[in-house]
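S.K.: What follows is each chain in one-letter form.
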Amino acid sequence: MRIHFKQRPGRCPTAVSLWLLAACAPSYAAELNVSVLDPAGHGSAGIVLLAEPQFDLPVKRVSRTVIMDQRQKQFVPNILVIQTGTGVDFPNSDQIEHQVYSFSPAKTFQLSLYAGHKYPPIVFDRAGLVVIGCNIHDQMIGYIYITDSPYFARSDDAGKWAVHDLPPGNYRITAWHPRMQEPAATPLQMPVSVAEGTPASAVFHLTKPLRPSREDGADKRWTDY
Amino acid sequence: MDRLLSRLAGAVLTLSLPATPAVADYGGFDASADLLAVSSNGTPSFLDNGLGDLRFDSSHQGLQVDNLRFGYRTSVADIVHFDVEAVSYADRQSNPIDLTEAFAEIRPFPSGPWRSRIKLGAFYAPISLENRLQGWRSAYSLSPSAINTWVGEELRTFGAEYELDWLGRQRGHDWEFGIGGSLYGWNEAAGQLMAERGWAIHDRQATLFGKIGQPNSETIVDERLLTSEGDGNVGYYVNATARYLDALELRALHYDNRADTSQYSASDNQFPWRTQFDSAGLRWTPTRYWTVISQWLSGRTCVGDEDEQYCWHFDSEFLLLSWQLGANRVSGRYDRFEMHQSSPDDETGDYTNRGHGWMLSYQRDINRHLSVALEFLQIDSSFNGRLEIGQPAVASERELELAARLQL
Chain A
0 MRIHFKQRPG RCPTAVSLWL LAACAPSYAA ELNVSVLDPA GHGSAGIVLL AEPQFDLPVK
60 RVSRTVIMDQ RQKQFVPNIL VIQTGTGVDF PNSDQIEHQV YSFSPAKTFQ LSLYAGHKYP
120 PIVFDRAGLV VIGCNIHDQM IGYIYITDSP YFARSDDAGK WAVHDLPPGN YRITAWHPRM
180 QEPAATPLQM PVSVAEGTPA SAVFHLTKPL RPSREDGADK RWTDY
Chain B
0 MDRLLSRLAG AVLTLSLPAT PAVADYGGFD ASADLLAVSS NGTPSFLDNG LGDLRFDSSH
60 QGLQVDNLRF GYRTSVADIV HFDVEAVSYA DRQSNPIDLT EAFAEIRPFP SGPWRSRIKL
120 GAFYAPISLE NRLQGWRSAY SLSPSAINTW VGEELRTFGA EYELDWLGRQ RGHDWEFGIG
180 GSLYGWNEAA GQLMAERGWA IHDRQATLFG KIGQPNSETI VDERLLTSEG DGNVGYYVNA
240 TARYLDALEL RALHYDNRAD TSQYSASDNQ FPWRTQFDSA GLRWTPTRYW TVISQWLSGR
300 TCVGDEDEQY CWHFDSEFLL LSWQLGANRV SGRYDRFEMH QSSPDDETGD YTNRGHGWML
360 SYQRDINRHL SVALEFLQID SSFNGRLEIG QPAVASEREL ELAARLQL
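In order, the protein sequence lines correspond to chains A and B.
Residue 206 in numbering that gives the first Met the number 0 sits at position 207 of the first sequence, and the numbers go up by one each step.
Residue 41 in numbering that gives the first Met the number 0 sits at position 42 of the second sequence, and the numbers go up by one each step.
Since the hints were made in silico from the structure, they are not lab data.
Keep in mind the model is a prediction, meaning the values are calculated, not measured.
Here a beta-carbon is modelled for each residue, glycine too, at the ideal position from N, C-alpha and C.
There could be a bad hint or two in this list.
To list a few chain B residues with every Cβ distance to chain A over 12 Å, as calculated [stated by the list, open to error]: (1) Asp82; (2) Val83; (3) Pro125; (4) Asn130; (5) Gln133; (6) Lys210; (7) Leu244; (8) Trp295; (9) Val371.
Between beta-carbon pairs, the in silico distance windows are [to be verified]: (10) Glu305(B) / Gln94(A): 36 to 46 Å; (11) Asn327(B) / Leu36(A): 32 to 42 Å; (12) Val233(B) / Ser92(A): 22 to 32 Å; (13) Pro104(A) / Asp77(B): 50 to 60 Å; (14) Thr64(A) / Ser297(B): 29 to 39 Å; (15) Ser92(A) / Pro107(B): 40 to 50 Å; (16) Pro198(A) / Arg363(B): 20 to 30 Å; (17) Phe208(B) / Pro104(A): 26 to 36 Å; (18) Leu324(B) / Lys207(A): 34 to 44 Å; (19) Tyr243(B) / Ser92(A): 40 to 50 Å.
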């Protein structure tokens, strides 16, 4: 992918998704529809989806902040997908203290024990996957997927993502989720060519369902002994 | 009734103290108290010059305010965490309030997938998979299994523990592993209660400065401190843990207090008890609603010098199923246990303790500060030692508890 971060004159068109409200890019007409289907053919919700252009694309550097909260000993949401340069705020809404850290190569940081809203946002300035943990509660795991592309989302309840204002060209479409259990290496990727006037589509067929999440049922009073 | 009102007032006063968080994992003070309504047909327990399997007997029924629990946690330099737990029981406690744990944990930030942790002080060895609430209480029942009842009665680590964790999930793996070990002392009485009474099921933990047993008890349970030490030998345990996502946790531990059984202490009329055991367990969460816990423990405790040494072999296992939906939790558990003596001759008779127990519990969280629990416990056991105090060797004991737990 060849994305150039620079200020580019032009009007601000309709954003392709809520994630892109801050990205001010020229208007395009190409359309891409991405679907993720589980083995039963049902849409798989919450999948991280990226469309990475395989051509030069000038993109305005983002200056936005999103939130990964801590509630009931969980990161909420526990999966974020953001564009390079985005800041992530880590407030602690629990009534206990947390100690947030990451030693992932894409971003290493530590936030000393805190409750409430104590620290400024952490800016994620390298593409990659960052796994977030709490040093007090090892069961707390969060994921931040950082991409240089301005085109990203998580699939909706029907397992779909539609982009309507895409520059024509070749793209690499990526699908990822921490609970995927595909035999092939993840993230799943496929090339797609997008042209004006003809909607392109990409469909990922998962060979296994996502592992079930058990975290919602956990009793958050528990501690480690 | 005066005693009940007095403790009730104490509980209300305690729980109305200004405090920081409602449930203090790190930083702050927390407290809880149980209002219990108990019905029991049990025979007197070792706390009351008996050899019953339950904590409460037919003379200790009715309403009581119990388990006044206090916890305090604080941190220094961000990586040193101090944890103190204290408890006040409604019945037969030698000190009005006493500590159950007091330790410091050094827990540096991980800079890679390997993380070291060190604990110093008095704390529980990582054996129980049930006791997950603050104060080392079971999250699934009022009374933990026979295995963890015994751990609470006789075992406490007075020393240092080192744990090395491999945080695989931070590297995108599904498994995490940990290995550790401990060196400790002041536990040479561990095993004596097992030998004298056999197994039991109840929620009462020994306290750090309290006494176990009864004074001048000849045939039952001699009075002693939890912290007995005379031979100077250092005990150890080694342990391993494996976790698969949030679905499965496996634990194993080998324990040996390395007591020198020939070192009689005349000052407190105490022989060291050499206690060794292995334990293993799993906690499996197949779905978000179900939890399965099973533990096994097997070992022996010996006393006396080489010429005349007595040993008691003990083993137990349990299976617990728990179903949670929202604020409601229903749990059932089956315990099996056995203890038998092997002695140089048959002079002491057959002191085999054998039995099993059923527990059924319903818990509901009303709000952050109040939960209720209804629990039925039945234990069927045999122990010839009871004959010496005029009780039948075979007992079928039942206990029904209704508890309202106030949490600060």
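S.K.: Confirm or reject each hint.
M.R.: Each hint, compared with the structure:
A cut-off of 12 Å between C-beta atoms contradicts the statement that Asp82(B) is not in contact with chain A; the least separation is 10 Å. Its beta-carbon lying about 14 Å from the closest one in chain A, Val83(B) satisfies the requirement of being farther than 12 Å from that chain. Not every CB of chain A lies more than 12 Å from the CB of Pro125(B), the least distance being 7 Å, so the non-interface label is violated. Interface exclusion of Asn130(B) from chain A breaks down, the closest Cβ pair being 6 Å apart, not more than 12 Å.
The beta carbon of Gln133(B) sits about 6 Å from the closest Cβ of chain A, which is not more than 12 Å, so the claim that it is off the interface is violated. Non-interface status of Lys210(B) relative to chain A is upheld: no Cβ of that chain comes within 12 Å, the nearest being about 25 Å off. With a minimum CB-CB distance of about 7 Å to chain A, Leu244(B) fails to clear the 12 Å threshold, and the non-interface call is violated. Separation of Trp295(B) from chain A is adequate, the least Cβ-Cβ distance of about 18 Å exceeding the 12 Å criterion.
The beta carbon of Val371(B) is kept farther than 12 Å from every beta carbon of chain A, the shortest such distance being approximately 15 Å. Between Glu305(B) and Gln94(A) the Cβ separation comes to about 57 Å, which falls outside the hinted range of 36 to 46 Å. Hint check: Asn327(B) to Leu36(A), Cβ distance near 35 Å, so the stated range 32 to 42 Å holds. The hint said 22 to 32 Å for the Cβ distance between Val233(B) and Ser92(A), and at roughly 45 Å that hint is violated.
For the pair Pro104(A) and Asp77(B), the beta carbons lie near 24 Å from each other, so the given range of 50 to 60 Å is not met. For the hinted restraint 29 to 39 Å between Thr64(A) and Ser297(B), the CB-CB distance of approximately 56 Å leaves it violated. Between Ser92(A) and Pro107(B) the C-beta distance comes to about 26 Å, which lies outside the given range of 40 to 50 Å. Restraint check, Pro198(A) to Arg363(B): a C-beta distance of roughly 53 Å breaks the suggested window 20 to 30 Å.
Evaluation of the 26 to 36 Å hint for Phe208(B) and Pro104(A) yields a failure: the beta carbon distance comes to about 50 Å. Here the CB-CB span from Leu324(B) to Lys207(A) is close to 27 Å, at odds with the stated 34 to 44 Å. Checking the proposed 40 to 50 Å range against Tyr243(B) and Ser92(A) shows it is violated: the Cβ atoms sit about 29 Å from each other.
Of the numbered hints stated above, those contradicted by the structure are hints 1, 3, 4, 5, 7, 10, 12, 13, 14, 15, 16, 17, 18 and 19, listed in ascending order.
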